[in-house]
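Novice: Here are the chains, one letter per residue:
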Amino acid sequence: MIYAIRTLVGQEKNVARIIARNVKDSGIGVSAVLVPESLRGYILVESSTKLDLQNPAFKVPHMKGAIEGDIPYEEIKSFLKPEPIIASIQKGSIVELISGPFKGEKAKVVRIDESREDVVLELIEAAVPIPVTVKGDQIRLIQKEAD
Amino acid sequence: MVTKACTRCHRLLEEDRCAICNLATSKNWSGFLIIVDPDESPIAQELQITLPGEYALRVR
Chain F
1 MIYAIRTLVG QEKNVARIIA RNVKDSGIGV SAVLVPESLR GYILVESSTK
51 LDLQNPAFKV PHMKGAIEGD IPYEEIKSFL KPEPIIASIQ KGSIVELISG
101 PFKGEKAKVV RIDESREDVV LELIEAAVPI PVTVKGDQIR LIQKEAD
Chain X
1 MVTKACTRCH RLLEEDRCAI CNLATSKNWS GFLIIVDPDE SPIAQELQIT
51 LPGEYALRVR
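Protein chains in written order, with UniProt numbering: chain F, 1 to 147; chain X, 1 to 60.
By construction, these hints were calculated from the structure, which means they are not laboratory data.
Keep in mind that a hint or two might mislead.
Lysine-lysine pairs mimicking DSS-like chemistry, simulated, CA-CA at most 25 Å apart [what the hints assert, rightly or not]: (1) F:K50 - F:K64; (2) F:K91 - F:K108; (3) F:K81 - X:K27; (4) X:K27 - F:K135.
Computed Cβ-Cβ distance ranges for the label pairs, DEER-style [claimed, not checked]: (5) F:K64 - X:E15: 18 to 24 Å; (6) X:P42 - F:A87: 24 to 30 Å; (7) X:Q45 - F:I124: 43 to 49 Å; (8) X:E14 - F:P82: 39 to 45 Å; (9) F:S78 - X:C21: 23 to 29 Å; (10) X:I20 - F:Q90: 24 to 30 Å; (11) X:A24 - F:V128: 22 to 28 Å; (12) X:C21 - F:K77: 21 to 27 Å.
Since we're looking at a predicted model, the values are computed, not measured.
All C-beta atoms, glycine included, are put in the ideal place defined by N, C-alpha and C.
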């Protein structure tokens with residue numbers, strides 16, 4: 001069974017590490033802790049028994065409680081094999097840069113290099129269109145196709 | 001110290017080479033998974049993980 005635990009955003013890995021360390025010694029049926037990149041503020045705990053949040057192993061800083069009920073295994077399969085973002089964008093897509101010097105800027109995709117996972121972008125708000133090459137994980141898709 | 005992931009087994013470590021696969025590790029990884037008990041875990045079986053430890057979900 002898989003349960004979702006709410007954490008502070010940004011503390012997911014720390015909470016997962018502490019839970020994994022605590023359950024190792026206490027003999028609770030937790031077999032894996034998953035921190036999907038796309039699910040901010042949540043971690044998924046795989047357990048053979050129902051989670052007992054009263055257990056001292058789950059008294060972890062930055063943890064904000066658990067979601068009632070378990071999650072079907074099929075639903076978390078997409079988190080286990082994350083598809084590269086580059087597969088979902090195409091030429092002409094509008095993306096937002098999420099890191100680097102142009103963070104927060106919107107840009108249009110000019111070219112995609114799938115083997116190197118590079119994307120060539122043109123900043124929308126720039127007066128002169130200058131091509132910028134960034135890695136596929138530095139962008140967030142806003143609009144799949146430009147009109 | 002930078003955490004790196006083995007490009008084959010996806011195990012997270014701090015060395016430049018994976019101790020198990022003896023392959024180069026990569027700094028470019030995402031997703032985080034801790035396997036406590038690989039024999040009891042369907043997630044570990046799905047990803048063919050046999051050793052407990054910390055893993056990345058995607059390594060480039």
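Novice: Could you run down the list of hints and mark each one as holding or not?
Specialist: Hints, one by one, checked against the model:
1. F:K50 - F:K64: Distance of about 18 Å is within 25 Å: holds.
2. F:K91 - F:K108: Distance ~8 Å between K91 (chain F) and K108 (chain F) Cα, so the pair holds.
3. F:K81 - X:K27: holds, 19 Å
4. X:K27 - F:K135: holds, 14 Å
5. F:K64 - X:E15: 18 to 24 Å: violated, 35 Å
6. X:P42 - F:A87: 24 to 30 Å: Once the Cβ atoms are compared, 26 Å apart, the range 24 to 30 Å for A87 (chain F) and P42 (chain X) holds.
7. X:Q45 - F:I124: 43 to 49 Å: This hint holds: roughly 46 Å between Cβ atoms.
8. X:E14 - F:P82: 39 to 45 Å: violated, 23 Å
9. F:S78 - X:C21: 23 to 29 Å: With a Cβ separation near 26 Å, S78 (chain F) and C21 (chain X) satisfy 23 to 29 Å, so the hint holds.
10. X:I20 - F:Q90: 24 to 30 Å: violated, 38 Å
11. X:A24 - F:V128: 22 to 28 Å: At 40 Å between Cβs, range violated.
12. X:C21 - F:K77: 21 to 27 Å: holds, 25 Å
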